[in-house]
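Trainee: Protein chains in written order, with this note's numbering: chain A, 1 to 141; chain B, 1 to 129.
In case anyone wonders, no lab produced these hints; they're calculated from the structure. Beta carbons: idealized from backbone N, C-alpha and C, even for Gly. Among the hints, a few may not be true.
Distance windows between CB atoms, simulated [what the hints assert, rightly or not]:
| hint | chain 1 | residue 1 | chain 2 | residue 2 | range |
| --- | --- | --- | --- | --- | --- |
| 1 | A | Lys8 | B | Gln31 | 19 to 25 Å |
| 2 | B | Ala12 | A | Ala19 | 24 to 30 Å |
| 3 | A | Tyr131 | B | Glu80 | 17 to 23 Å |
| 4 | B | Glu55 | A | Ala124 | 52 to 58 Å |
Calculated Cβ distances over 12 Å to all of chain B for the following chain A residues [to be verified]:
| hint | residue |
| --- | --- |
| 5 | His15 |
| 6 | Phe16 |
| 7 | Ala19 |
| 8 | Ala30 |
| 9 | Lys37 |
| 10 | Ala39 |
| 11 | Leu43 |
| 12 | Ala45 |
| 13 | Tyr49 |
| 14 | Ala55 |
| 15 | Pro88 |
| 16 | Val95 |
| 17 | Ser108 |
| 18 | Tyr115 |
| 19 | Cys120 |
| 20 | Tyr131 |
The chain contents come next:
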Amino acid sequence: MDPAFWAKVHGATTHFPIAMTFVACLCDTAALCFWQKPAAGGLRAAGRYAAIIAALGSIPAVISGLVMTRGDMLGHGELRWHHLFVWPAFALLVVAAVWRSLVRDQISRRGYVGYVGAICLLTALIAATGYWGGELLQTFP
Amino acid sequence: MKPLHALGISAAAGAVALLAAGALAAGLRRQAAAHSHELPPYVPPAVVVQLAPGELQARGKKLYFNNCAHCHGVDAHGDEGPDLHDLWVSDRYIATMVKRGRKGEMPTFAKKLNDADVAALIAYVRTLN
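Working from the sequences, and respecting the hints, build out all of it.
Mentor: Right, here's the structure in full:
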């Protein structure tokens, strides 16, 4: 097998959940800004499905990453920084997706504000994870 | 479902996801360690076999402080590099890691340490168990 096989699989699987998390953040923030508008319902639904799809898409990304590092959950240097952000991001993504799929639209504006805050934090964590993943590519070209 | 009740369930789901990742990682580490034992057994160089265990460990300790303590800590409990106590990998794995290093994480010592030095280092590291 190609020794870089799992590295390629990891690269192929990570970008989808990253993109979907950003989409979820944008849709939910827009839904909060236009809470009273007719489009808000559609934006909330789009944000909900984007978060769920991102969580599902993160599973192959996490598995391929673990196989690539042979089970190293922390590591050193850039890998350590990558992991310091990825594990909180992964847990928060699963929590957000499960919560949204359970409560659906039965949520107060106050609760939604909290959720959007969590999604923004999640997006920042995902961005930092991606940044350190990119730094790893500089180390392991 | 009430949002707070759903939060409890989703927090549990997040914890389960992390635990599953941890379990997968532990399995992969065990597999990697077992694979290292499938390689030919580690044979210390002849010059090392002639040394008494105490001499070998003392030599390894000196080499450790000169080459490894900077990253793994004076007490070998880890600093920039990992803790070296209770290693469950084979002697061959340690020898390969010392000689080849790991790109971006640990430098290679192939030019600095010969086989006898590596064997002494392994003997010292094993005393940390």
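Trainee: Taking the hints in turn, state whether each one holds.
Mentor: Now the hints, each set against the structure:
Checked against the given bound of 19 to 25 Å, the beta carbons of Lys8 (chain A) and Gln31 (chain B), roughly 21 Å apart, stay inside it. Checked against the hint of 24 to 30 Å, the C-beta distance between Ala12 (chain B) and Ala19 (chain A) comes to roughly 27 Å, which is consistent with it. A hinted range of 17 to 23 Å for the beta carbons of Tyr131 (chain A) and Glu80 (chain B) is consistent with their spacing of about 21 Å. Our hint of 52 to 58 Å for Glu55 (chain B) and Ala124 (chain A) holds, since their Cβ atoms are close to 55 Å apart.
Every Cβ of chain B is farther than 12 Å from the Cβ of His15 (chain A); the closest lies at roughly 19 Å, confirming the non-interface assignment. Against chain B, the non-interface label of Phe16 (chain A) holds: every CB pair exceeds 12 Å, the least being about 17 Å. Chain B leaves Ala19 (chain A) outside its interface by the beta-carbon criterion, the shortest separation being 20 Å against a cut-off of 12 Å. Taking the minimum C-beta to C-beta distance to chain B, about 21 Å, the non-interface status of Ala30 (chain A) holds against the 12 Å cut.
For Lys37 (chain A), the condition that its CB be more than 12 Å from all CB atoms of chain B holds, with the nearest at approximately 23 Å. With a closest Cβ-Cβ approach of about 23 Å to chain B, Ala39 (chain A) is found to remain outside the 12 Å limit, as its non-interface label requires. Leu43 (chain A), annotated as away from the interface, keeps every beta carbon of chain B farther than 12 Å; the closest lies near 19 Å. Its beta-carbon lying about 17 Å from the closest one in chain B, Ala45 (chain A) satisfies the requirement of being farther than 12 Å from that chain.
Listed as a non-interface residue, Tyr49 (chain A) keeps its Cβ farther than 12 Å from every Cβ of chain B; the least gap is roughly 16 Å. Distance check on Ala55 (chain A): its Cβ comes as close as 9 Å (rounded) to a Cβ of chain B, failing to clear the 12 Å threshold; non-interface status is violated. The claim that Pro88 (chain A) is not at the interface with chain B is violated, since a C-beta of that chain comes within 12 Å of its own (minimum 9 Å). Val95 (chain A), annotated as away from the interface, has a beta carbon of chain B within 12 Å; the closest lies near 4 Å.
The Cβ of Ser108 (chain A) sits about 8 Å from the closest Cβ of chain B, inside the 12 Å cut-off, so the non-interface label is violated. At roughly 9 Å from the closest C-beta of chain B, the C-beta of Tyr115 (chain A) falls inside 12 Å, breaking its exclusion from the interface. The non-interface label for Cys120 (chain A) is consistent with chain B: the shortest C-beta to C-beta separation is roughly 17 Å, beyond 12 Å. For Tyr131 (chain A), the requirement that its beta carbon stay farther than 12 Å from each beta carbon of chain B is met, with the minimum near 16 Å.
In the structure shown, a violation is registered for the earlier hints numbered 14, 15, 16, 17 and 18, in ascending order.
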